[in-house]
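Enquirer: Chains as they are written, first to last, in my numbering: chain A, 1 to 144; chain B, 1001 to 1168; chain C, 2001 to 2121.
No lab work stands behind these hints, which were simulated from the structure alone.
Just so you know, not all the hints are guaranteed correct.
[Unchecked claim] Straight-line alpha carbon distances no greater than 30 Å define the calculated DSS-like cross-link-like pairs of lysine-lysine that follow:
id	chain 1	residue 1	chain 2	residue 2
1	C	K2052	B	K1120
2	C	K2032	B	K1120
3	C	K2066	C	K2052
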Amino acid sequence: MRRQMVLRVVGKLFIPYMLLFALYVQFHGDFGPGGGFQAGVIAAAAVIFYALIFGLPAARRLAPDAVVEAMVALGVLLYAGVGVAGIVLGGNYLDYFVLDRDPVAGQHRGIFWVEAGVGITVTGVMLKIFYMFAGRGRGLDEER
Amino acid sequence: MMVVTVLAIVLQRNLFSVVVLAGIYSFLMATVLVALDAVDVAMTEASVGAGISTVLLLGALYLCGGEEAKPLDRPWLPLGVALVIVGALVYGTFGLPEFSDPQAPFHTHVVPRYLAQALKETGVPNVVTAVLASYRGYDTLGETVVVFTAGIGVIALLRRARRREEDR
Amino acid sequence: MSVLGHYSYWITVILMVAGLYIVIARGNLIKKLIGLSIFQTSVYLLYIAPGKLIGGTAPIVADGFKVYSNPLPHVLILTAIVVGVATLALGLAIVVRIREAYGSIEEDEILAADRDSGAGA
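Isolated chain A (complex conformation) (with noise of 0.2 Å):
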C-alpha cells in the first residue's frame, strides 16, 4: 500500500511536467536539439508512464483508443498536406516559400507544420503499440 501511495504522487507530480516538456522539445526544436520524433516519443512516454501507474483501462479513458488511431493517421496527412499547400499556392510539392509572401516567413511556417505533423504521428503510433502489446494480456485481467 505504502508503495502504491509513492508512485501514485510522484506520476501525478511528474507527468504533466512531462507532456509540458514534449511540448517545449516539439516548438523548440527550431533553436536547440529538438523536434518532432523526440517530441512524439516523450508525450507517448507520459501516457505509457500513466498506465504503468493506474492501470489500462484509465489510460484508455484518457486516451481513447479511437483518438489515438486518428492522430496516426493525422499526422501523415497534416505533413502530405503542406505539400500540396505548396502546390496550390502555385510552388512545386513541399516548397515552403510559398507559403507567405515574405519567403523565410514561408520556410518558418512549413517548417512548424511540418514538424507538428510528425510529432502527432509518433505519438499516435507508440501509444497504440503500447495499448497493443498491453492489451492482449494472458487470461482477461482487465484492472491490473
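Assemble the complex: chain A is given as a structure, and chains B and C must be docked to it using the hints.
Expert: Using the frame of chain A, we list chains B and C on its own:
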C-alpha cells in the same frame, strides 16, 4: 564500456536482464553521441532506444513468457564467421578518413553551404532541423510514412478478432 | 598516428560483429531482435564519429562559434533510429503471434514443430 555491455548481452541467458542491459547500452550510446556533438541524435536515441524499445521489449516478454534462452551447443562456425568479418572490416577501415580530419570529403561538398545558408534561407538556427524539415523534406515524409506503416502493421497483426471465441 | 585516428571505427566494428553474432548464433527470437538493434546502433556510431571536428560544437548556429560539427549524418541517423524502432515493433508483434501459434520462441523448437507437422503444412 559499451563493448563490456554488449559482451554481457551476448553471454546472458535470462531475457529480462538482457532487456535491461540493452537499455543501458542505449543510454551509453546516447552519452557517447553527446560527446560527439550530436545533441539531436542523442536525445532521439535516449528517448527511442532506451525508452520505447525497452517498453516494447518488456511488453513482448510479458506476452511470450520470459523464459531463458537455450544454451548453445557448438558455436564454432558462427564464432569463426564473426572473427573473419572483424578482420575484413578492420582491414577496410584503414581506408577511411581519420577522426576529426577537416579535409575529409565528408565535410567539403554540400555541408558548408548548409551551415552558411541555413539561418538566412530558413530562419531556423538549428541546422539539423532545417535540413531535416526543409532541405531534405522528402526523406522526412518517407520516414513519417514508415512510422505510420509500422503502426498499422502492428494493429493488423495484434488486433484480436471478435469472432475468435465463437470460432475456436 | 593512424592507430588513434581509427579507434572509433574499431569500436564500431566490434559492436557490429557482436550484434551479428547474436543474430546468427542464438536461437531465441527476442534475443535475435535485440542483437539486430545492437547492430543498428553500432552503425549510428559509424556515421556520426567522422562528423565530429575537434574544437567544433553542436550544429546550432549561434554567435561566437565558428566551427560546427557536420550536421548531415545527424539527419540521416535521426531517420535511421526511428525506422529501427519501427522494425523492432513489427518484429516483436510477429514474435508474439509466433508464440501464440507454436507455443515457443526458440528457433529450433519452431523448426522441429514444422517438420513434425509434415513438411511445413
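Enquirer: Please go over all the hints and tell whether each is borne out by the structure.
Expert: Structure-based check of each hint:
Restraint check for C:K2052 and B:K1120: the C-alpha separation of about 24 Å stays at or below 30 Å, so the hint holds. Pair hint C:K2032 plus B:K1120 does not hold up; C-alpha atoms about 47 Å apart against a cutoff of 30 Å. A distance of roughly 14 Å separates the Cα atoms of C:K2066 and C:K2052; the hinted pair therefore holds under the 30 Å criterion.
Checked against the numbered hints given earlier, this structure breaks only hint 2.
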